[in-house]
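If you're matching them up, the sequences are chains R and A in order.
Mapped onto the working numbering, the consecutive letters of the first sequence carry residue numbers 1 to 450.
Mapped onto the working numbering, the consecutive letters of the second sequence carry residue numbers 1 to 450.
Everything labelled a hint here was simulated from the structure, so no lab data went into it.
Among the clues, some could well be false.
Unchecked claim - Pairs of lysine-lysine residues, derived as PhoX-like cross-links and limited to a Cα-Cα distance of at most 20 Å, are as follows:
no., chain 1, residue 1, chain 2, residue 2
1, R, Lys243, R, Lys261
2, R, Lys186, A, Lys8
3, R, Lys8, A, Lys186
4, A, Lys11, R, Lys320
Letter by letter, the chains look like this.
2 protein chains.
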Amino acid sequence: MATDQPQKLLKAQTLKGFRDYMPELMAPRQAMIRLIEATFERHGFQPLQTPALEYLETLAGKYGEEGDKLLYRFQDHGERHVALRYDLTVPLARVVAEHRNEIQLPFRRYQVAPVWRADKPQRGRFREFFQCDADIVGVNSAMADAETLITGLSVLQALGIEGAVLHLNHRDILFGTLERAGVSEKAQQIACIRAIDKLDKVPAEVVQAEIEREAGVDAATATKLIGHFTRDLDGQELLSELKLLGGVVGAAVDRVVEVRKLVEAAGFVGRIKYDPTIARGLDYYTGIIYETRLTDPRVKGIGAVMSGGRYDGLIGLFTKEAIPAVGISLGLDRLLAAMQELDLVQKDAHAVQVYVTVASEALQANAIELAHLLRLGGMRVELDLAGGKLGKQLERANKRGVSLAAIVMQEDVDIGKVRIRQLATGKQQRVALQRIVKVARSALRLQSHA
Amino acid sequence: MATDQPQKLLKAQTLKGFRDYMPELMAPRQAMIRLIEATFERHGFQPLQTPALEYLETLAGKYGEEGDKLLYRFQDHGERHVALRYDLTVPLARVVAEHRNEIQLPFRRYQVAPVWRADKPQRGRFREFFQCDADIVGVNSAMADAETLITGLSVLQALGIEGAVLHLNHRDILFGTLERAGVSEKAQQIACIRAIDKLDKVPAEVVQAEIEREAGVDAATATKLIGHFTRDLDGQELLSELKLLGGVVGAAVDRVVEVRKLVEAAGFVGRIKYDPTIARGLDYYTGIIYETRLTDPRVKGIGAVMSGGRYDGLIGLFTKEAIPAVGISLGLDRLLAAMQELDLVQKDAHAVQVYVTVASEALQANAIELAHLLRLGGMRVELDLAGGKLGKQLERANKRGVSLAAIVMQEDVDIGKVRIRQLATGKQQRVALQRIVKVARSALRLQSHA
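Model the full assembly from the supplied sequences, consistent with the hints where possible.
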């Protein structure tokens with residue numbers, strides 16, 4: 001860096017569509033991630049981590065045409081075609097096939113990591129965002145389906161979010177319904193599903209137009225489909241009606257009913273319901289699919305905070321062995337937005353607890369020693385580095401929102417003591433150095449430290 | 001996904017130079033990250049997160065010519081020139097300049113995140129690796145320097161790594177030494193420093209050749225320099241000799257001595273020493289620089305596990321305000337490799353604790369209910385999904401290394417009980433459902449749950 005040549009200033013700017021998480025936002029976000037990971041682990045999921053970059057071939061063609069366009073792709077230094085991951089599901093499928101010999105099925109893994117999509121940036125929508133996924137690989141059963149849903153609902157519960165409702169559907173019901181309406185080609189069906197998926201976001205006319213345009217379905221059929229998917233019928237009535245169709249649709253209805261029963265067995269009664277309009281935009285789903293909506297009016301606009309489904313064919317793109325899988329994906333930033341709105345954010349989860357001030361430069365080594373002692377005692381401690389008069393330093397501590405200050409002064413040091421000050425009340429006491437951890441922890445109302 | 005058309009299998013492969021962290025490796029790695037983050041927080045650092053992608057202009061030219069070549073760069077969908085971050089320091093400088101109004105100085109932030117370098121892959125060297133950085137922005141003082149070093153040494157201590165020694169130097173001592181040898185142009189000096197940085201990795205002749213070639217220094221001067229940097233002198237003797245030079249070199253010697261004193265005040269006596277050969281390859285350092293080496297013979301080959309220094313000019317590339325900064329960077333994977341070698345890895349930090357088995361399909365809802373109870377009780381629980389006879393299920397639990405099984409059988413369910421089995425001994429007992437959490441926790445020797 002040519003520091004002795006004057007240089008034009010670089011513009012300090014975050015890349016368009018991206019953002020920094022400053023500590024005020026990152027601290028509660030990190031507390032959330034910890035809670036999510038701990039909940040995943042309590043449900044038997046183990047951490048896995050895959051690279052940000054994959055061979056383009058691994059990702060391309062898995063997310064539909066629209067998804068393909070949103071892939072960040074380029075050639076690396078060895079002229080390999082590569083892309084940044086678009087979700088955590090396709091890399092998991094690649095991992096299962098690649099490491100098949102090391103993996104014992106059923107395999108439960110979770111991953112909390114960023115994904116990248118070159119989407120049009122909007123309020124609250126960024127090109128880099130974090131997904132929290134938990135998947136069960138190797139079993140196709142209602143129990144496996146239910147376990148992932150229970151895990152997701154437990155995460156929401158652990159975060160303190162109440163009134164989340166899981167809207168459940170099954171791809172075979174969708175396919176069966178389309179079939180019955182006369183849409184029988186797979187590509188047409190997928191195009192219809194992708195359009196129907198938008199029913200909760202855009203007007204029915206727009207969806208109908210997309211069905212006609214993208215799936216090549218005639219207007220009469222499209223009208224019939226829209227009619228079917230916007231019928232105002234109770235989920236239970238619909239299921240009974242669908243059950244009569246028998247075959248794969250009947251079996252899918254049984255699965256939906258069984259999954260609901262098992263999820264309710266974990267105490268989530270009334271938190272899961274059949275919803276015929278859930279379609280999911282991604283191509284790879286083959287069984288249950290779902291989205292989770294928040295019912296609290298303060299956060300109704302926030303969209304699905306958790307979604308996913310069963311994808312029994314995806315791993316089969318990489319290996320001849322048929323390996324079924326099911327999973328959930330939580331949107332970290334939507335969840336954080338909801339929690340902010342609902343005032344559930346733990347603001348001080350990572351905040352500094354004790355601020356160490358230094359009366360004079362000669363006491364710096366003493367202050368460092370004291371800070372070290374408090375830190376070994378398990379507290380989060382900031383040592384004043386900006387200096388100046390004690391009053392100034394205490395003011396700084398106050399501004400940082402720290403509640404306790406430890407003051408290092410010569411007259412106390414001489415007799416092996418240190419001063420502790422409650423910043424809110426100004427109350428202070430002198431404490432022997434060997435008692436400082438105990439006194440500070442009790443002032444902070446922390447449990448005793450092992 | 002055209003599941004009804006037969007398709008050629010895709011090759012399941014990790015991108016060259018990248019790797020997956022399977023659960024066996026990821027679980028202890030995650031435990032390490034938690035410990036590192038907690039230690040950073042105890043030292044007053046707050047979490048920050050920056051995007052993986054930055055404008056190319058932000059990163060280019062900050063890492064020297066060699067670094068520039070290793071940047072993953074491409075054009076995004078808006079034809080912006082972008083690059084994956086190469087380290088966490090330059091993005092931090094960009095953040096400080098961009099968010100200057102929101103930031104209160106001194107600003108302590110930490111970040112644990114992957115960086116990408118298109119380096120030649122070698123054993124243990126990958127193109128994606130994690131850095132754990134803690135930096136103090138806004139103060140140039142021995143206290144700030146010492147605080148970062150103490151933080152780093154405390155991390156190593158928290159991880160259980162003993163015998164780490166911090167090798168400390170100062171860029172002004174290097175510049176002064178070069179100046180005295182007649183190398184006075186900045187670009188030449190930087191080239192020399194980059195060559196000298198390799199003295200611990202390649203033979204002295206190779207370094208000398210690089211000095212002559214890259215810095216354009218004559219052979220006699222290069223010989224003199226190599227002689228100086230390979231002198232077998234005690235650090236203290238060298239410092240006394242350098243101190244006599246006065247000026248910036250003298251001041252740098254004072255800083256090194258002061259920093260060492262303060263680090264020792266935190267109890268790290270003998271864990272920090274002056275080392276004239278520490279040079280650091282990166283261009284942006286302006287003050288203290290250091291690398292940390294492990295002395296245990298089992299891990300001597302592992303290289304520097306922590307390094308960094310002061311970079312008072314870097315933020316100034318983005319803003320007119322002069323903002324000094326100092327930081328440490330821990331190499332997560334080198335640390336993990338060292339911990340594996342030293343047998344310090346916590347293998348069961350995230351392992352499943354209770355395996356719930358189900359005697360018959362009719363009992364699935366009961367099993368789910370039980371699993372949910374145990375999970376709410378804070379335990380990591382896996383519910384058997386593969387089914388089959390109880391013996392088979394218990395065998396599976398054993399294979400997973402779980403120590404405790406909870407067995408759901410009709411005869412127990414009928415009287416509100418459940419069976420708990422110690423898998424190592426085969427000892428089992430019937431427990432009332434309302435006592436199960438307490439009994440299981442005590443069998444696992446967990447503390448009582450709030």
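Handout entry: Violating hint indices (sorted, rising)
Key = none
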